[in-house]
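Residues per chain, in single letters:
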Amino acid sequence: MDQNNIDDIYRDRVILDHCRNPRNTSLLDHFDLTGDAINPFCGDEVHFQIGLRGENLIERIQFSGDGCAINMASGSLLSEAVTGLTVKEATQLSIRFVESMRKPIGENAEGEFIGELSALISVKNFPVRVKCALLAWSALEDALSKNKSTIEPDSLPM
Amino acid sequence: MDQNNIDDIYRDRVILDHCRNPRNTSLLDHFDLTGDAINPFCGDEVHFQIGLRGENLIERIQFSGDGCAINMASGSLLSEAVTGLTVKEATQLSIRFVESMRKPIGENAEGEFIGELSALISVKNFPVRVKCALLAWSALEDALSKNKSTIEPDSLPM
Amino acid sequence: MFDVEKIRDDFPILSKTIYGNPLVYLDNAATSQKPRQVIDALVDYYENYNANVHRGVHTLSMEATDKFEDAREKVSTFINSESSDLVVWTRNASESLNLIAYSWGEANVHEGDEILLTPMEHHSNLVPWQELARRKNAVIKFIPMRGNGTLDMDKVDELITERTVLVSAVHMSNALGTINPVRELGEKAHQQGAKFLVDGAQSVPHMPTNVQELDCDFLVFSGHKMLGPTGIGVLYVKRDILNTMEPFLTGGEMVLDVSYQEASWADLPMKFEAGTPNIADSIGLGSAVDYLNSLGMENVRTHEKNLTTYALNRFKKADLDGMDLFGPDDPEIRGGVFSFNTVDVHPHDLGTFLDRKGIAVRTGHHCAMPLVRSLGVAATVRASFYLYNTEREVDILVDGVTEALRYFRDGSE
Amino acid sequence: MFDVEKIRDDFPILSKTIYGNPLVYLDNAATSQKPRQVIDALVDYYENYNANVHRGVHTLSMEATDKFEDAREKVSTFINSESSDLVVWTRNASESLNLIAYSWGEANVHEGDEILLTPMEHHSNLVPWQELARRKNAVIKFIPMRGNGTLDMDKVDELITERTVLVSAVHMSNALGTINPVRELGEKAHQQGAKFLVDGAQSVPHMPTNVQELDCDFLVFSGHKMLGPTGIGVLYVKRDILNTMEPFLTGGEMVLDVSYQEASWADLPMKFEAGTPNIADSIGLGSAVDYLNSLGMENVRTHEKNLTTYALNRFKKADLDGMDLFGPDDPEIRGGVFSFNTVDVHPHDLGTFLDRKGIAVRTGHHCAMPLVRSLGVAATVRASFYLYNTEREVDILVDGVTEALRYFRDGSE
Ligand SMILES: Cc1ncc(COP(=O)(O)O)c(C=O)c1O
Ligand SMILES: Cc1ncc(COP(=O)(O)O)c(C=O)c1O
Numbered sequence: 003m004d005q006n007n008i009d010d011i012y013r014d015r016v017i018l019d020h021c022r023n024p025r026n027t028s029l030l031d032h033f034d035l036t037g038d039a040i041n042p043f044c045g046d047e048v049h050f051q052i053g054l055r056g057e058n059l060i061e062r063i064q065f066s067g068d069g070c071a072i073n074m075a076s077g078s079l080l081s082e083a084v085t086g087l088t089v090k091e092a093t094q095l096s097i098r099f100v101e102s103m104r105k106p107i108g109e110n111a112e113g114e115f116i117g118e119l120s121a122l123i124s125v126k127n128f129p130v131r132v133k134c135a136l137l138a139w140s141a142l143e144d145a146l147s148k149n150k151s152t153i154e155p156d157s158l159p160m
Numbered sequence: 003m004d005q006n007n008i009d010d011i012y013r014d015r016v017i018l019d020h021c022r023n024p025r026n027t028s029l030l031d032h033f034d035l036t037g038d039a040i041n042p043f044c045g046d047e048v049h050f051q052i053g054l055r056g057e058n059l060i061e062r063i064q065f066s067g068d069g070c071a072i073n074m075a076s077g078s079l080l081s082e083a084v085t086g087l088t089v090k091e092a093t094q095l096s097i098r099f100v101e102s103m104r105k106p107i108g109e110n111a112e113g114e115f116i117g118e119l120s121a122l123i124s125v126k127n128f129p130v131r132v133k134c135a136l137l138a139w140s141a142l143e144d145a146l147s148k149n150k151s152t153i154e155p156d157s158l159p160m
Numbered sequence: 111m112f113d114v115e116k117i118r119d120d121f122p123i124l125s126k127t128i129y130g131n132p133l134v135y136l137d138n139a140a141t142s143q144k145p146r147q148v149i150d151a152l153v154d155y156y157e158n159y160n161a162n163v164h165r166g167v168h169t170l171s172m173e174a175t176d177k178f179e180d181a182r183e184k185v186s187t188f189i190n191s192e193s194s195d196l197v198v199w200t201r202n203a204s205e206s207l208n209l210i211a212y213s214w215g216e217a218n219v220h221e222g223d224e225i226l227l228t229p230m231e232h233h234s235n236l237v238p239w240q241e242l243a244r245r246k247n248a249v250i251k252f253i254p255m256r257g258n259g260t261l262d263m264d265k266v267d268e269l270i271t272e273r274t275v276l277v278s279a280v281h282m283s284n285a286l287g288t289i290n291p292v293r294e295l296g297e298k299a300h301q302q303g304a305k306f307l308v309d310g311a312q313s314v315p316h317m318p319t320n321v322q323e324l325d326c327d328f329l330v331f332s333g334h335k336m337l338g339p340t341g342i343g344v345l346y347v348k349r350d351i352l353n354t355m356e357p358f359l360t361g362g363e364m365v366l367d368v369s370y371q372e373a374s375w376a377d378l379p380m381k382f383e384a385g386t387p388n389i390a391d392s393i394g395l396g397s398a399v400d401y402l403n404s405l406g407m408e409n410v411r412t413h414e415k416n417l418t419t420y421a422l423n424r425f426k427k428a429d430l431d432g433m434d435l436f437g438p439d440d441p442e443i444r445g446g447v448f449s450f451n452t453v454d455v456h457p458h459d460l461g462t463f464l465d466r467k468g469i470a471v472r473t474g475h476h477c478a479m480p481l482v483r484s485l486g487v488a489a490t491v492r493a494s495f496y497l498y499n500t501e502r503e504v505d506i507l508v509d510g511v512t513e514a515l516r517y518f519r520d521g522s523e
Numbered sequence: 111m112f113d114v115e116k117i118r119d120d121f122p123i124l125s126k127t128i129y130g131n132p133l134v135y136l137d138n139a140a141t142s143q144k145p146r147q148v149i150d151a152l153v154d155y156y157e158n159y160n161a162n163v164h165r166g167v168h169t170l171s172m173e174a175t176d177k178f179e180d181a182r183e184k185v186s187t188f189i190n191s192e193s194s195d196l197v198v199w200t201r202n203a204s205e206s207l208n209l210i211a212y213s214w215g216e217a218n219v220h221e222g223d224e225i226l227l228t229p230m231e232h233h234s235n236l237v238p239w240q241e242l243a244r245r246k247n248a249v250i251k252f253i254p255m256r257g258n259g260t261l262d263m264d265k266v267d268e269l270i271t272e273r274t275v276l277v278s279a280v281h282m283s284n285a286l287g288t289i290n291p292v293r294e295l296g297e298k299a300h301q302q303g304a305k306f307l308v309d310g311a312q313s314v315p316h317m318p319t320n321v322q323e324l325d326c327d328f329l330v331f332s333g334h335k336m337l338g339p340t341g342i343g344v345l346y347v348k349r350d351i352l353n354t355m356e357p358f359l360t361g362g363e364m365v366l367d368v369s370y371q372e373a374s375w376a377d378l379p380m381k382f383e384a385g386t387p388n389i390a391d392s393i394g395l396g397s398a399v400d401y402l403n404s405l406g407m408e409n410v411r412t413h414e415k416n417l418t419t420y421a422l423n424r425f426k427k428a429d430l431d432g433m434d435l436f437g438p439d440d441p442e443i444r445g446g447v448f449s450f451n452t453v454d455v456h457p458h459d460l461g462t463f464l465d466r467k468g469i470a471v472r473t474g475h476h477c478a479m480p481l482v483r484s485l486g487v488a489a490t491v492r493a494s495f496y497l498y499n500t501e502r503e504v505d506i507l508v509d510g511v512t513e514a515l516r517y518f519r520d521g522s523e
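Chains as they are written, first to last, in our numbering: chain A, 3 to 160; chain F, 3 to 160; chain C, 111 to 523; chain Y, 111 to 523.
By construction, these hints were calculated from the structure, which means they are not laboratory data.
As the structure is a prediction and not an experimental result, all values here were calculated from the model.
There's no promise every hint is true.
[Unchecked claim] The following residues of chain F were derived to be distant from chain Y, with all beta-carbon distances above 10 Å:
#1 R22
#2 E47
#3 Q64
#4 T88
#5 L95
#6 G117
#7 S124
#8 S140
#9 S147
[What the hints assert, rightly or not] With the C-beta cut set under 7 Å, the calculated list includes, among others, these residues of chain Y facing chain F:
#10 V167
#11 M172
#12 L366
#13 D367
The beta-carbon is built from N, C-alpha and C at its ideal position, and this holds for glycine as well.
Take the sequences, apply the hints, and build the full model.
Shown next, in the form of structure tokens:
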């Protein structure tokens, strides 16, 4: 049978791949920030540990979670995307990504996001699954917000 | 304009006539029974005083009330119809009339009731007004029920 | 443009005849008729995307959820609410009022507290407060009314005291047509720290409504009186207050998390909506709002004001013997509601007479028994207009009443 | 005769396609689809006799009142109630349950009293009792369940004590399909003087219901799950109990007499129906009952039992690796509800996959969170049947699930 339809969401198998083999799952020995998010409706969970270099650079990140393919892939993809970013850059990426997911389809191009994150943006075609893709970003925000006191005021999310 | 439609209910002007000139309205000097009924929704009221001959014969009846044409006509027509009946006969007439009013249209002939009462039966064509026609009968039942102790058991309404 | 004849074409029922006469529907304060567009919205829902809303992953459920929440958004914008999560679906204005009385009232009304009402409240904005006052030993007071059916606003300042926790007032009276100065009332309530509730059951359908301008804490209204289906009503509550309110009905849909021991609540507005909502009729009300917007609520109000002016003049000219028309005679503070009594002819008889001519009016106490009694009558006849009514229909009404009086008085024709 | 293909023709939505595939609607436990007859009844109401009910003297109002009360009569007969004045209209089963919890519960449940439930209750038959118990310091107990998703009836005798005031049980579980022995439960409740409530939200649509035979004190159900419109539900209460119950919502329609000081109540059932009722949808539910009667509820049950047997066999034969099907495997005590979990594939992913094939199933906790958690999962996929479903559709479902498992496990097709 024709699987094209299904591939809208599990496009290029990126999501499926990240879901089956999530990246950055090894627990960190040392970490500076932790963040969690839970969706009680479906029981999905995401947890992050973040190890910083200095006060600002996300050097290492550990992802663990439980839930649907989109949730798992989102956590895994996100962990790759923010590695090497400053806290400020990660915060901005998060804001931009969440906004983009919430905009009506067509108002922004997937092209805004490069690499594998653009696969995640395609979840917009399944509005009811958008929250699955956003749970990991909530956990990230949770983690980054705990860094508030140590980061420069202008890097705070608006 | 064609008034035929309206005359369904105010047929032969009997109702209109009884409403404008209700019968048996003079207060009685002596009476044995009183009965009242009120419809709080429309504020209509009916009151009867009944004077018996012996323990059973309705010799005189006084009607007073307030309300719509059908209510007033019903009280007036009823007062005429029961004068001269025994309590038992009046009770039976009341049961028969109320039943007849509640039956679907067509299930009994108006002819069941002779004379002016048959005008009242035609109110059935206006189901929403049936309760206007029945209020007086409630007041009659109220009065007759107070005679319970004095009448033979078999004359009680079922 | 507001073209009443074109509008009438949208309402299938308006082409009906009653006993051979064209229907003249003047019972709009009881419920309005529905345009084709609203009926079609219901049919479209049931034929094309009927499904239970929220959390369904299948296409129909997603579509139903979107349209259901769209409708909430439309209603929210219609009353200029800050946000659609302050708009709670109920069955009708009555349920909205009960929700407030149970959820806000139980927590905020205490012994000796005062609730200030007007004497022209519908039973639905009276009895729930009587019951609450009984449970709490609170006190209900009423703003006195002037002879012409308007509130005596001079008395309000002394009636609102520091014990007053709620002032609740009908915006437009369904029994008299009076349009009350709710903005002023609200200011006075707030000056004393009381909450302010507007019963918009008769105003929202007939004039522009702006909750932020009104600055009301609560607004209630019913869909069925504003071209919408039966079975759907609205409660708007200011965010600060809605946030503090405990749920009213509990169960499915309104929970966040449930264990065998306890439950926590979903976000606004779902926290106040237990069980499968009235999906179709919410969407139907959304479509009614679209229809009203397409006409413009200012235009609706203007049309009805013109009709009211016309009717006031026609009744005055007819100069009907023994006819008492209640309510203010200034169309600026009167909606298209004509309640009257005729000496000698009982309202029921008049109602039946008019019905036989195709004219649908209401007779009775209009769910405002104490008010109608205070007018010295047990019932009135009420003709009430809406956007599809015409001057021609006012003529038919006035002629019908004239004829009825003649008929009942002397049996002549 | 029960001809499923002919029946399907009555449901406009069933000819829809989803992503190019014919709609296979298997989300009936959430809400049912509606036949043309029911949709037509709504349209007929709005186009021909829409008016507010009760006490209107005009033709439309009389007709609306008649049809509205006819519908109540139909529903009453459908459940074999002694009389239609024991049938109260609500919005849905959830509101019916809240009405009982507030009106009967507030007056009859006291500190230390016990309420006995099953572990498979829908949130709507759980949370209102939790809230009541919290207010009253009462105790909620649960009948233990056996591994196959049935109640351990052996434990009931010791659980119903003289402190038990209410036993409330779902007749058919919306999460497992289990049909509970409610008659037996009711007998045990009554032996100890407890009242007995049946949540018929899933049973009334799918099998004959006879309240006198069940001897239940309360029965609740929703119109939208039995071919009726959204927004209309039913509460049946035995006369002796209903007579003692105080009103729940107050306001218009439910009063007999109102003064500025106090109010008295209308007769049953209006005493429990405040405000303008959901007239159209009551009539729509009446029409749904006509439709169900025309098929015969015994035939509906037989059709669904056959479908359940067929599906049980098909799933067994497919022998899907890591698939857990919940609920009893005896079709005599199971409705057409198939809740399952698949190791490795999350219910949401499965739901989305099936949707793309036109198959509408529900995924989640089905408003029975504590039950679903006790199964050791956070969510299940649920396929639920109704009278218009076919064996062919069961095949499509089983094939779809099979394919999904393959796809998600190894990405092959
Ligand atoms: C067993 C059961 N009880 C109660 C309900 C609540 O029904 P409603 O949402 O229509 O109030 C449902 C509906 O999902 C149900 O399945
Ligand atoms: C002023 C006013 N308030 C409240 C209501 C109650 O509305 P509903 O019956 O739709 O609950 C009405 C309806 O008659 C009304 O006119």
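Original post:
Which numbered hints are broken by the structure, listed smallest first?
Top reply: none
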